[in-house]
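Trainee: Chain by chain, the residues:
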Amino acid sequence: MQGITFDIAHMLAGSLVLVSFIQLYQQRLSALLNIFALHAFVLALSVAWQAYVQDAPHLYITAIIALVFKAIVIPVALRRIVIRLGIHREIENVFGVGLAMLLGICLVALSMVVMLRVTSGADPLAREDLAFALSVVLLGMLMMVTRRNAVSQVVGFMSLENGLVLAATGAKGMPLVVEISIAFSVLIAFIVIGIFLFRIRERFDTVDMQAMDRFRGEQR
Amino acid sequence: MTIDALEGVLLIPALSAGLLAALPGYRLTSRLNMLAAFLTFLTAASLFVVEPESGRYLLVDDLNKVFIVLTAFVAFTTSGFSASYIGHEIETGRLKPNHVRFYHAMYQVLMFAMNLALTANNIGLMWVAIELATLTTVLMVGIYRTHEALEAAWKYFILGSIGIALALFGTILVYMAARPVIGEGPDAMVWTILMTKAASFDPDLLNVAFVFLLLGYGTKVGLAPLHAWLPDAHAEGPTPISAVLSGLLLNVALYALLRFKMLLALNPVAIAPGPLMVTMGLISAVFAAFMLYRRRDIKRMFAYSSIEHMGIIVFAFGMGGPLANFAGLLHMTMHSLTKSAIFFAVGHIAQIKGTQKIADIGGLTISHPVLGWGLVAGVVAIAGLPPMGIFMSEFLVVSSTFARAPWLVLILVIAILVALGGLFIKLNTIAFGEPRGSNAPAQASYVPMFAHLAIVFAAGIYMPPALVTGFQNVARLLG
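Chains as they are written, first to last, in my numbering: chain A, 1407 to 1626; chain B, 37 to 515.
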């Protein structure tokens, strides 16, 4: 029985990394939002499985938050914003897709090397989870730096947070305070971002961050 | 149920935030804001008289007492400055009354978040508090809704979130390290319990955790190369917020870092966190010192000066030992007081001149002698010239570490001197020569600025023995 529970947890965490990779090469915003919803859905499954394995019912709450809030509410809301702004077709990468994927592979390798080496004492489930979680976090960061569009930066940030939730649930018995706070912070972050996106729209007629760079305080 | 001072410093800001959000009229609310900050300060000061028990969620010891009182004091004086600053902003129409209501509520929320971060006895709770403080300041930086303010807020938000995310990952790793020893559940996140058992934690996990924490909270401290948000956020937000950011929020992040450093120091096998901090501190100090020369915006310039001083402070704490810690602590206190005083002056100057560009500001000592000379005194203090308190703390940093690492200290001294040059070149344009720009009379409140400068001046000449013993106790605690 130990074997199969481990395998399923491993598969779900691994899929999360895979979905992070799929996010990396999405060219259009609407597709990116779909993939993000999938990302959050896989996270919800993974967290629910952890709740079952660890016999920790409070983790189901985290899973439900991930499912309802991140996989449904946020993608729907973001899609509305994107369509209202008329930018659902555009996305531009700073690097090419190939280079981004290559960098992503390097980051995953790095996190495996670091996390597997230092956690040799911990139980195997937690080890793998942490290594995958760090990969997701790093891939989220990579996405934030390679994208110029405000909406896709937000998506990158949220997939980064998904990685953190994966890490927090993998750490057995971590208090509920933290999980709720993570969900809560995403909520706040989303409100903040929402306000900002609308203000940016008011001012710039674009959500392209490159356009904003012109307004640097010191270049005039 | 009785409420002790520890709960008081959290409850007063939290309740007044609600109250201020509901009340209209900036005259009333800015006074209420001052009153709330003053009450918080009194409550914080009472910690020195009656020390409440540390509980499961809140903690008080010699270390955070210093931070809490400093935070409450600067928050109080800043609220005084803020009242006259905001009055002017309303008159010129840069802020609408609705924004002011929001601003005052956010000011108190920020106080609450900082006090919570300083008193939390739980690494998770501390993280939540710092995250809350970040989000609050993001909103305040963007309050003017200009292009620059929005870009600054966005940059601050993105970089701050990445830093906060890294810090959370580090926090989770600390929990993972503590779990086998302390057992599952909330106990493995409580500071007081962590500190007693730290010696038997898994050292490898602690090492990796500290790297994440250093990068994460280091972003909030403004250490190079993670400082990119700091100058923008300081330059584009309302000036009272620049003062609070520089004087307090950077300290709060530093406090988190120091706590984790103490945790690592208790484990005999884990890496020494000192050298990492020394390196980042030195890089920040040198980098920021050279960056001072290229600045054209007065608030941006003092933001870089903050990076430089945070570098010096992190260097001092990284070197460790009772003397260097004492010097670091003193330098932190002096920097908070001086830098906020400078921002008080700069805020009024920018309002009078209607610009923050250094090239458009000139001859202040002639056109506005009180403000001008106040700024000169502040810059003399921040550059580390005698007889001000920063001279003494920088002297202590250098002398206490020179025997151990002469070459590193040499680099630090060069950075300090380079920064001094940069500051004085700019000061010369701003304060002396022919007056440039608008000559509108100043409607300023000078009391907060001169109160800070007086304390810094007094500390440079005479330190009361009680204060010295207090700081020595903290320095010993820091190891």
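Hints may be right or wrong, so weigh each one.
Covered stretches of chain A (chain B as the covering partner; in silico rule of three or more C-beta atoms under 8 Å from a C-beta of chain B) [stated by the list, open to error]:
(1) 1414-1421
(2) 1512-1525
(3) 1549-1560
(4) 1568-1574
Quick list of the computed label-pair ranges, beta carbon to beta carbon [as the list claims (entries may be wrong)]:
(5) A/1516 <-> B/512: 32 to 42 Å
(6) B/63 <-> A/1431: 55 to 65 Å
(7) A/1464 <-> B/85: 52 to 62 Å
(8) B/441 <-> A/1461: 23 to 33 Å
(9) A/1431 <-> B/512: 48 to 58 Å
(10) A/1526 <-> B/304: 12 to 22 Å
(11) A/1508 <-> B/441: 36 to 46 Å
(12) A/1470 <-> B/332: 49 to 59 Å
(13) A/1508 <-> B/81: 51 to 61 Å
(14) B/221 <-> A/1475: 53 to 63 Å
(15) B/409 <-> A/1475: 24 to 34 Å
(16) A/1431 <-> B/305: 36 to 46 Å
Just so you know, these hints were derived from the structure itself, not from any lab.
Model, not experiment: these values are computed from the prediction.
Where is the CB? At the ideal position from N, CA and C, for every residue including glycine.
Trainee: Give a verdict on every hint.
Mentor: Each hint tested on the structure:
With a threshold of 8 Å between beta carbons, the proposed coverage of the segment 1414-1421 of chain A by chain B is violated, since 0 of its residues qualify and at least three are required. Note: the segment 1512-1525 of chain A has 5 residues with beta-carbon separation from chain B under 8 Å; the three-residue rule is met and the coverage holds. Remark: the segment 1549-1560 of chain A is confirmed as covered by chain B, as 3 of its residues place a Cβ nearer than 8 Å to a Cβ of that chain, reaching the required three. Counting residues of the segment 1568-1574 of chain A whose CB falls under 8 Å from any CB of chain B gives 3; the rule of at least 3 is met.
As the Cβ distance of residue 1516 of chain A to residue 512 of chain B is approximately 39 Å, the hint placing it in 32 to 42 Å holds. Under the hint 55 to 65 Å, the C-beta atoms of residue 63 of chain B and residue 1431 of chain A, about 57 Å apart, fit the expected range. One distance hint, 52 to 62 Å for the beta-carbon pair residue 1464 of chain A and residue 85 of chain B, is violated here, with the actual separation near 41 Å. Range check, residue 441 of chain B to residue 1461 of chain A: Cβ separation about 52 Å, and the 23 to 33 Å hint is violated.
Checked against the given bound of 48 to 58 Å, the beta carbons of residue 1431 of chain A and residue 512 of chain B, roughly 55 Å apart, stay inside it. The beta-carbon spacing between residue 1526 of chain A and residue 304 of chain B, approximately 19 Å, falls within the hinted interval of 12 to 22 Å. With their beta carbons about 40 Å apart, residue 1508 of chain A and residue 441 of chain B fall inside the hinted range of 36 to 46 Å. A hinted range of 49 to 59 Å for the beta carbons of residue 1470 of chain A and residue 332 of chain B is consistent with their spacing of about 52 Å.
Judged by the Cβ atoms, the range 51 to 61 Å given for residue 1508 of chain A and residue 81 of chain B holds: they are separated by roughly 57 Å. Under the hint 53 to 63 Å, the C-beta atoms of residue 221 of chain B and residue 1475 of chain A, about 26 Å apart, miss the expected range. Under the hint 24 to 34 Å, the C-beta atoms of residue 409 of chain B and residue 1475 of chain A, about 56 Å apart, miss the expected range. Between residue 1431 of chain A and residue 305 of chain B the CB atoms are about 43 Å apart, so this pair conforms to the stated range of 36 to 46 Å.
Checked against the numbered hints listed earlier, the structure breaks hints 1, 7, 8, 14 and 15; every other hint is satisfied.
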